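Colleague: Sequence:
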Amino acid sequence: MAGAKGARQDVTDARRIVVKIGSSSLTTAAGGLDADRVDALVDVLAKHQDKEIVLVSSGAIAAGLAPLGLERRPRDLARQQAAASVGQGLLVARYTASFARYGRRVGQVLLTSDDTSRRAHYRNAYRTLDQLLAMGAVPIVNENDTVATDEIRFGDNDRLAALVAHLVRADLLILLSDVDGLYDGDPSLPGTSRIAEVRGPEDLEGVSIGSAGKSGVGTGGMVTKVEAARIAAAAGTPVVLTSAVHAADALAGAPTGTHFLRTGRRSADRLLWLAHASTPQGALVLDDGAVAAVVDRHSSLLPAGIASVEGEFSAGDPVELRDGGGRAVARGLVNFDAREIPRLMGRSTRDLARELGPAYEREVVHRDDLVLLHH
6 MAGAKGARQD VTDARRIVVK IGSSSLTTAA GGLDADRVDA LVDVLAKHQD
56 KEIVLVSSGA IAAGLAPLGL ERRPRDLARQ QAAASVGQGL LVARYTASFA
106 RYGRRVGQVL LTSDDTSRRA HYRNAYRTLD QLLAMGAVPI VNENDTVATD
156 EIRFGDNDRL AALVAHLVRA DLLILLSDVD GLYDGDPSLP GTSRIAEVRG
206 PEDLEGVSIG SAGKSGVGTG GMVTKVEAAR IAAAAGTPVV LTSAVHAADA
256 LAGAPTGTHF LRTGRRSADR LLWLAHASTP QGALVLDDGA VAAVVDRHSS
306 LLPAGIASVE GEFSAGDPVE LRDGGGRAVA RGLVNFDARE IPRLMGRSTR
356 DLARELGPAY EREVVHRDDL VLLHH
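If you want the numbering used here, it's the position in the sequence shown, counting the first as 1, plus 5.
Worth flagging that the hints you see were computed from the coordinates, not collected in a lab. Since the model is a prediction, treat every value here as computed from it, not as a measurement. Some hints here could point you the wrong way.
[Claimed, not checked] Below are the SDA-like pairs computed for lysine to any residue, each with C-alpha atoms no more than 20 angstroms apart in a straight line: (1) K52 with V250; (2) K52 with D41; (3) K56 with G258; (4) K52 with T101; (5) K52 with D18; (6) K52 with L138; (7) K56 with R109; (8) K52 with D254; (9) K52 with A253; (10) K56 with D15; (11) K56 with V91; (12) K52 with D176; (13) K56 with S90; (14) K52 with Y131; (15) K56 with A257; (16) K56 with A125; (17) K56 with Y127; (18) K52 with G258; (19) K52 with T133; (20) K56 with H251; (21) K52 with G37; (22) K56 with A45; (23) K56 with D176; (24) K56 with A87; (25) K56 with D183; (26) K56 with N149; (27) K56 with S193; (28) K56 with Q14; (29) K52 with A102; (30) K52 with R110; (31) K56 with A142; (32) K56 with G112; (33) K56 with A253; (34) K56 with T133; (35) K56 with R20; (36) K56 with R132; (37) K56 with D44; (38) K52 with R132; (39) K56 with G94.
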């Protein structure tokens, strides 16, 4: 019995926890917020006074549908943003009232991917969340749907939750939805069974992962949840994937849902965001020597190794670094505007500094702002 008790020791030991809840677990079939469902979740979370909990909550767009007279989630970005604008206020008001029953305050934190791949923004986001937790408040995090464009969207709150878990240095990520775990096939068919534990990618080989949630109001299906779990586990955060009705069991370390064990160590803070949340604004094509330097020796990218430049981007933007065959080998934050780079290409930083001034004696992409893309 001792072995079973210790099976989820990483869950019971966790002090700082990110909990993600999907739209389908918070809303009625008609699309409005279900106050009873919100209260049920809060009842579970508020019992854990000894834990620091960050709640990544979907539901803003779904909550805004009914007040705006929309029968279903709109497909166009502008109306999604309008629904999010109306719904976000309703969502936070509902959480505020629900947590107030336990004397707990909540704080709203809206993020775009831009906030978290740029160094200063990343630090500010961390400080805000850390301070809210230190003051005993529960941060309610959502993507900033009202202003996020296609270029700066996380795409689903599962991935956002994995990245927030990394941002706040969480000990555990719990993904709650309308499905009670990952199955080795279609859960509605006989003969399929729930996968209780995932120790690494090899445990998912041959597993067919469906896409759509049952509800029709969310964006993230099982594919996004498993991808989010992989991102978190690889960055050193264990994950429990289960349904909202099993939230209490998940937090207690009971054998519910699917438990993803950590597969890697925590990486440099922003690099996880750079790899998984940034949208490249352009590309730099490298010569063979520069590819070897960046990929094999983990060096910075210097002007001498650039063969060509693609796209329109500004200093500080994320760009792809490609080899001569067009394959993306890395992603990084560039130190120059796209229009500046052609006159720098193929030249040494010393020559550039002599001709153009000391501002040009630097890397085009510094290795601290660069992440390799593993294929």
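Colleague: So which of the earlier hints does this model not fit?
Modeller: Hints 11, 13, 14, 16, 17, 19, 21, 24, 25, 26, 27, 38 and 39 are the ones this structure does not satisfy, whereas the remaining hints hold.
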